[in-house]
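The chain contents come next:
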Amino acid sequence: MSNFEPKIIAFVCNWCTYAGADLAGTSRIKYAPNVRIVRFPCTGRIDFMLLLKALQTGADGIIVSGCHPADCHYTSGNYHARRRWMIFKTLLDFIGFDTRRITFSWVSAAEGAKWAQLVNETVAKVRELGPYTEYENLNKLGVGSITEVMNARTA
Amino acid sequence: MQELHNKIKSMLEGNSVALFIAYQKNSDGKITPTFITKPEQIKKAYYGDDCRQNLAVYVHKHEVKHFGKVGILANIYTLKALLQIYAENQFKDDYLKIVTVNPKGAVVEFANFQEVENYISENKPAPNPEYVAQVEKLSNLGREERWNYWLNELSTCIKCYACRAACPMCYCTKCTVESNQPQWISAPSHSLGNIEWHVMRAMHLAGRCIECNECARVCPMDIPLNLLTVKINEAIDTEFGQEAGTKGKLDFALSTFKVDDKENFIR
Amino acid sequence: MNYKTLKTDKLPELFDKIKKAGKTVLAPRKKGNKAFFSTFDSFDQITFDYVQSALSPKSVLFPRVEELLTYKNLDDSYSIKEPELKDEVVVFGMRPCDGIALDYLSDFFLKENPDKLLQDRKNNTTFISLACKKFDNDCFCTSVGSSPAETKGSDLCFTDMGNGSYYVEIVTDKGKKLVDAFPDLFADSKEMNKVEQLAKVPVRFDLKNITTKIPTVFETNIWLDQSLACIGCGACAYVCPTCSCFDIQDECNPKGGTRLRCWDACAFGQFTIHASGHNPREVQSNRWRNRVQHKFNYSVENLNTISCVGCGRCIRVCPAGMSIIEHLISVEEA
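Residue numbers (the working numbering), protein chains in the order written: chain S, 1 to 155; chain V, 1 to 267; chain B, 1 to 334.
Isolated chain S (complex conformation) (with noise of 0.2 Å):
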């Protein structure tokens, strides 16, 4: 699909990426426009199942961004959320999510330059795996279907 534009959805800590993504803007960098930035006061904060929600709405790839390690604002915050996605990435890929989709980094205050590279890089990559339909509309599945086992494995 040669004019597929992916949606991005970026789950970003207020103190470091979002500040850099500002920095970004006033420093005039072009970068891809294919991103939705969600500010949160810190990775800390972003819960697991956001990024599922993310994909559920349309979503067809994540940026999770923070502050560097030991350079939290709130000291560590940024601990927890790593811990938190090495367990939910194992978790993700176990069951078969396509998480090539879901690009996490550490973006500081300073790293305008590294922002831009990291959305047109995620971007372009996205746009290369396609629309990532595979979740988006298991909300159908199943529904009203008159049997529970639809496939059944013989014994």
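A portion of the hints provided could be inaccurate.
Unchecked claim - What follows is a set of in silico ranges between Cβ atoms, one per label pair, in the way DEER data are often shown: (1) S:R39 to B:N33: 48 to 56 Å; (2) V:R267 to S:T75: 19 to 27 Å; (3) V:Q181 to B:D76: 28 to 36 Å; (4) B:K116 to V:N128: 44 to 52 Å.
Just so you know, these hints were derived from the structure itself, not from any lab. We treat Cβ as the ideally placed atom computed from N, Cα and C, and that holds for glycine.
Chains V and B: place on chain S using the hints.
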């Protein structure tokens, strides 16, 4: 069995417990939990390797707590569960009197949770090779095959929450799925609701699951739910060196961290 | 009643012909060692090696999640669409006890305020029961007024006579319509004695004693004793062919949304929580008491029938091995 009956008798008659939770086996071989409050019920108590239900799930129950002092017959998984629940501060030291039957067949009563911790470290159950093999087989499939497998399995879920009810670590009086202003986890059993539920539950159990495999045993649709937490536990053990149900003080992977935790996917 | 026979080796052809006529056929298939009603591609996927299916055929009339309506937000207004249920379905292999349950469920949903969805599904579904040749310790149909010889609630009743053919009892007009559509497969028959072919399920308790006693023991301690083992899942309610409680969930976004109906269970802790925060059935023993009282007391008051058919599914599925048979006997002895 006689030694066990004598132990329960002495606990009931000595008033150290008002209720003793054990197993019973009826004439057609079915094993169920039994709640002993009177001496004449003691002879029903049974223990064997075929006792699979994790009785730790009952220590959270309001009606059980109401008895004040409760005795419980624990296999190794129940012991791990009780230790983890104790580490999570869910009950006071004097609530439970825990009894087990050790591998030599002797009845052991634990004086405190330090003894439980020591016993567990000396009698660690080996990971079940069948589940390890299933996890490995799934991990080696391609991503799409794995997705199709789990989508098929999880789509059969009817949201009965037997997995939650049977799990000793799921004790929230208001589960996240019952949080409905707004409805955070989709409640109906379409595929989305099922996947959201099982992903959320696996994450809430990360580092807390003691791998009793009750969730898979009780599932009416025979979904191998235990594989999700077995996989997560493998990762937690490898990356952080922490294991649920081994310490009387909370050492929970998701609420602790090391400054030098290493991962290979954060840019 | 009309009677027919069908050679057992003609059953695959019957299913093929029904499918060719555009209908969906559901029959029991095994997943692990449990039987579930399912579609199938070939006849050899069907199992006959089961006492009772794990889930009941109520899903055909009352699915675990179904759409009530969808709506779209338009520029100045909105549009609402209700589902049109046109699929014709034939269900094969339910047991005679399930027929009684389907009748109960239909009464429950259709008598006072007819539920259009269930009515449409019922109009489009033909139920063929397969009489039981074996039973297990969890079956107790004969204790609650039914038996493997029951025909009420089925459209057609098949009994394997052990001689290479099924004895077919045509119970309803809908059943007759199906049989008349395939005259080359069904042969006329006179009434046969099928009872010898059927399982002999022993009676476990006196139902009259129980329904008389049960209102009087509401405030006793037997409910606490019985329910200590209950862990509060919804498995018994979900597998039960007469349980009908449901929840309504709206799943919407700014563009539109859908209203869904899904199964619910009185065993869940939050089932009776009020908007004020008060919960009249706060402990499991009250919730358990409600379940048994509903099936053997309240439904008698409201619909003149008990709402248990003795299928035993709740006993087989219970994670804690609770048995309603034992509990009813303990009520009788209280």
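Outcome of the hint check:
no.	hint	verdict
1	S:R39 to B:N33: 48 to 56 Å	52 Å, holds
2	V:R267 to S:T75: 19 to 27 Å	22 Å, holds
3	V:Q181 to B:D76: 28 to 36 Å	30 Å, holds
4	B:K116 to V:N128: 44 to 52 Å	50 Å, holds
Violated hints: none; the structure is consistent with every hint.
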